[in-house]
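From first to last, the protein sequence lines are chains A and B.
The opening residue of the first sequence carries number 211 in my numbering; numbering runs sequentially from there.
The opening residue of the second sequence carries number 94 in my numbering; numbering runs sequentially from there.
Hints may be right or wrong, so weigh each one.
Just a sample of chain B residues kept apart from chain A, beta carbon distances all over 12 Å, derived [said to hold, decoys possible]: (1) K273; (2) K297; (3) A301; (4) Y313; (5) S410.
Restricting the straight-line Cα-Cα distance to at most 27 Å, the calculated cross-link-like pairs of lysine-lysine (DSSO-like) are [as the list claims (entries may be wrong)]: (6) B:K251 x B:K399; (7) A:K271 x B:K297; (8) A:K482 x A:K497; (9) B:K114 x A:K405; (10) A:K300 x B:K470; (11) B:K297 x A:K251; (12) A:K300 x B:K250; (13) A:K410 x B:K297; (14) B:K250 x B:K351; (15) B:K250 x B:K399; (16) B:K297 x A:K404; (17) A:K300 x B:K297; (18) B:K315 x B:K336; (19) A:K407 x B:K251; (20) B:K332 x A:K300; (21) B:K114 x B:K315; (22) B:K250 x A:K271; (23) A:K497 x A:K510; (24) B:K315 x B:K408; (25) B:K385 x B:K463; (26) B:K351 x B:K408.
Derived by calculation from the structure, the hints in this document are not laboratory data.
Treat the numbers as computed from the prediction; the structure is a model and nothing was measured.
In this text, a Cβ means the ideal position worked out from N, Cα and C, and glycines have one as well.
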Amino acid sequence: MPKTILDELIEAGEYLLPGHTACPGCGSVIALRHVLKALGKDTILVIPASCSSVYQAIYPKVSINVMIYNVAFASAAAVASGISQALERKGFEDVNVVVWGGDGGLIDIGAASVSGAAERNENIFVICYDNEAYMNTGIQRSGSTPPGARTTTTPIGKIVGFKKPMAYIMLMHGVPYVATANVAYPTDLYEKVKKAKSIKGFKFIHIFTPCPPGWRFDDSKTIEVARLAVETGYWILWQAEYRHGRIHFELSPPSRPYLDASKRKPIEEFLKFQGRFSKITEESVKKLREWIEYQWSIAKRFLDMSAQK
Amino acid sequence: MAIYDVITGNDAAAWGARLSKVEVIAAYPITPQTTIVEKLAEWVEKGELNAKFIAVESEHSAMAAVIGASAAGVRAFTATSSQGLLYMIEMVSWAVGARTPVVMAIVNRALGPPWNIWSEHTDALMTRDTGWIQFWAANNQEVMDSIIQAYRVAEDKKVLLPAMVMLGGFVLSHTAMPVKIHDQNKVDQYLSPYEPPHYVLNPKISEAFAYGNILFPWDYAKVRLSIEKAMRNAVDVIKRAAKEFHEIFGIWHGDLIKEVNTDDAEIVIFALGAVAEQAEATLEVLRRNGIKVGVAKIRVFRPFPKEEIAKIADKASHVIVIDRDISFGWDGILAGEVKATLHEYKVDTPVTTKIMGIGGDDILPEHIEKAVKEVIKK
C-alpha cells in the first residue's frame, strides 16, 4: 500500500520532547509538534514572549530539540531577518529560520516587524499560533480576540474589535506563500509547512490553536473545538501562492464544503463548549456572524481572482 | 595604502564599519545619522563591501536584526540617533543579555519635543545602565578608529558585549576634517574575522540549544554578574586595543581617557567627545593668559574610568565638568558620575558642573574661558 501523508507524519522525527510545561490540551504545543515534524532538525525557532517561551521548559532543561532563540516581544521577525541574512552571507542554505509566536506577539505588538520582513521578502517563516488572546499573561484580549469573547480585559464580553484578518493582510503583501491551518487537521498543517519549506522567501502560516484554560472548556475537547471552528465556517482553511503578479488561492479540502453557507453548522455549536462565550449577547453573535461572512467574502474574491485566466 | 582625505564624521563612521569588514548592516533613517548608512548602502550595492544591508522598518527592528545576525555568527553594524535610539532601547538592552558583540554608531542629538535635530548627549547617556561599552569620539579620525577598536574590544572572548561609538550631531557628523583612511591590510592585521567563541545560531555547525529561556533568580543573578565581570574585563582589553592600535597605525586617541596638560594643571576640565575637543582647543588661549588648565577627555564612559579620574582630580585644585546633557532633578550626567567617583576615592577636590550646548547651542571658546574664570574668582 502506498504511503499516505498520515503515515509520513507519524514516521517523521519527533522534536517536541516529553516534559514540556504546556497546559493539558494546549493547542499550540500540539501544532508545534506537527510543525517541527515537517521542518526537521535544520531549524532555528525564534520565539518572542509567549506561552512557548514558558512551555519550552525552564533552564537548564529544554523540551524542544531544535535550536531556540528567545527574543523580545515585538522583535521576532526582525531577529529572524538578521539570522537569515547572516546565514546567507556565510553561504549556508537550507536552514529553516522560523518565527514561532502567538497572536499577541505577531498580530499585535510585533505586527510592524512581521509586515516589514514580509515586504522585504526575507527568507523566513512566520508561524502564528492563534489562541485569540494574551494567554501567557492571563487571558487579556488581543487584536485577534473575536467579538463577544470574555477575557480579563473584556470581563463581561464587551465588543471592542473585529478580529484582525492577519492572514489576508499578509497575503496582500504579495509574499510567496500564505496559509491558514488548524490543529484539528494535522496532515493539512504538515503538508502546508512542507510546502512552505520548498519555497524561498517569506512564508506566513496562521494556525488556529484552542486554549482550554483561556477559552474555558474541558482540556479533552481541544480538537473538537478546533474542528467546529472549521465546520461552522468560523475558521477558513486555505493556502495561497503569489507568483508573477498573481495570487493563486485555494480552499483546503476540509473547508471546501463550507463555501456554501448552508452546509455550515450554526455558530452556536462552536460557542457552546466555551466558557468565554457563556454569556454572549445576541448583538455579539450577530457581530460574529457578520465577521464570518466578511471572511468568506474575501475568500470568494480571491477564489474568483485565481480562477481568471 | 592609506588614503588622506577630508571627510565628515558620518563618512568616517561608514569607513570604520567598512574597514572592519562588517557582514550584516541593518538600519533605519534618522537625521543626523542617515548619511552613515547611506554610504554603507551605496558600497554594498556597488559590491565594494561584501555585506547584507537590511533596510528595516524601525530602529527597534534594526537592533533586533543585528542581534540575530551576530548570533548567527557574523560581524554586524547599525547606527542611529536620538528618538531612534530611544525607540530601539528595548533591543539595546537585549543585545547585552544576548552577548552579541555588535557595534553601533550614535550621532548624538537632542530629544523632542520640541523637535530639535542638533547635538546633545542625553540620548546615548540614557543607555548608561544597559551594559554597552561606550566610546565617545572627539574628532572624525577618532570616530573611524573607535569603530575598529570597538569591534576588537566587543568581540574579545573576555568581553563579548556590544559597543557604541558616539559622535556629536553636526559638530562631527556633518563637519569635514582631515582623516587618514587606513590601509585595509593593516586593519586586517589589527582585527581578525569574527569567530563567536560562545554560541552560534546555525544548526549546520552546532548542536541544538535554547538561548534565553526562563531562569530562576539564583541562576539569573549569575548571568547578570557575568555581564559585570565582562565589563570589568573590558578595562584591560580597551587599554590593550588602544596600545596595539597605536603600534600599528601610529595614532593615539587615549585609552579610557586622553589627558591633555593635566600634569601641572590647577584646573582640570572633564568632558565627553567633541565637547572635550573644544575644551582642548581653548587650552592654548587660557595657558597664554597664565591659567594652568588641563583637559581630561573621557573617551570611554562605560566601563567608567574611575581610578584615572580620581588620580587626575586629586592632583588639581578644581575640577570643571562640562555636560552637554542633563539628568533633570540631579546634575549633569557626567558631573554626577565624577562626583560619585571622587567620593568613592576620597578625593575632596571641588567640582563645578557646567551644562552647555543643550539642543545644539554652540559651545564656543569664550563659554569655556568664562567657566574657568568663574572658578578662579571663587
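How the hints compare with the structure:
At the 12 Å boundary, the C-beta of K273 of chain B stays outside the reach of chain A, the nearest C-beta of that chain being 29 Å off. Interface exclusion of K297 of chain B from chain A breaks down, the closest Cβ pair being 5 Å apart, not more than 12 Å. Not every beta carbon of chain A lies more than 12 Å from that of A301 of chain B, the smallest distance being close to 5 Å; the non-interface claim is violated. With a cut of 12 Å on Cβ distances, Y313 of chain B falls inside the contact zone with chain A, its closest approach being about 9 Å.
The claim that S410 of chain B lies off the interface holds: its Cβ sits roughly 49 Å from the closest Cβ of chain A, which is beyond the 12 Å cut-off. Distance restraint check for K251 of chain B and K399 of chain B: the Cα-Cα separation of roughly 20 Å lies within the 27 Å cut-off, and the hinted pair is therefore satisfied. Proposed proximity of K271 of chain A and K297 of chain B is supported: the alpha carbons are some 22 Å apart, at most 27 Å. For the hint linking K482 of chain A to K497 of chain A, the alpha-carbon distance of about 16 Å falls within 27 Å, and the restraint holds.
A hinted pair counts as satisfied when its Cα atoms are at most 27 Å apart, and K114 of chain B with K405 of chain A does not qualify at roughly 37 Å. Annotation: proposed proximity of K300 of chain A to K470 of chain B is violated, straight-line Cα distance about 63 Å (limit 27 Å). As the CA atoms of K297 of chain B and K251 of chain A are separated by approximately 9 Å, the hinted pair is consistent with the 27 Å bound. For a cut-off of 27 Å, the pair hint linking K300 of chain A to K250 of chain B stands: about 21 Å separates their Cα positions.
At most 27 Å may separate the alpha-carbon atoms for a hinted pair to count; K410 of chain A and K297 of chain B meet this at roughly 18 Å. Between K250 of chain B and K351 of chain B the CA atoms are separated by roughly 26 Å; this keeps the pair inside 27 Å, and the hint holds. With a C-alpha separation of about 24 Å, the suggested pair K250 of chain B and K399 of chain B falls inside the 27 Å cut-off, and the hint holds. Restraint check: the Cα-Cα separation between K297 of chain B and K404 of chain A comes to about 20 Å, which is no more than 27 Å; the hinted pair holds.
Among the hinted pairs, K300 of chain A with K297 of chain B is consistent with the structure: their alpha-carbon atoms are about 11 Å apart, no more than 27 Å. At roughly 32 Å between alpha-carbon atoms, K315 of chain B and K336 of chain B are farther apart than 27 Å, so this suggested pair is violated. For the suggested pair K407 of chain A and K251 of chain B, the alpha carbons sit about 39 Å apart, so the restraint of at most 27 Å is broken. This hinted pair does not check out: K332 of chain B and K300 of chain A have alpha carbons roughly 32 Å apart, beyond 27 Å.
About 34 Å separates the Cα atoms of K114 of chain B and K315 of chain B, which puts this hinted pair outside 27 Å; it is violated. Taking the CA atoms of K250 of chain B and K271 of chain A, the gap is about 26 Å. The hint holds against a cut of 27 Å. Straight-line distance between C-alpha atoms of K497 of chain A and K510 of chain A comes to about 20 Å, which keeps the hinted pair within the 27 Å bound. At most 27 Å may separate the alpha-carbon atoms for a hinted pair to count; K315 of chain B and K408 of chain B exceed this at roughly 39 Å.
At most 27 Å may separate the alpha-carbon atoms for a hinted pair to count; K385 of chain B and K463 of chain B meet this at roughly 14 Å. With a CA separation close to 16 Å, the supplied pair K351 of chain B and K408 of chain B stays within the 27 Å bound.
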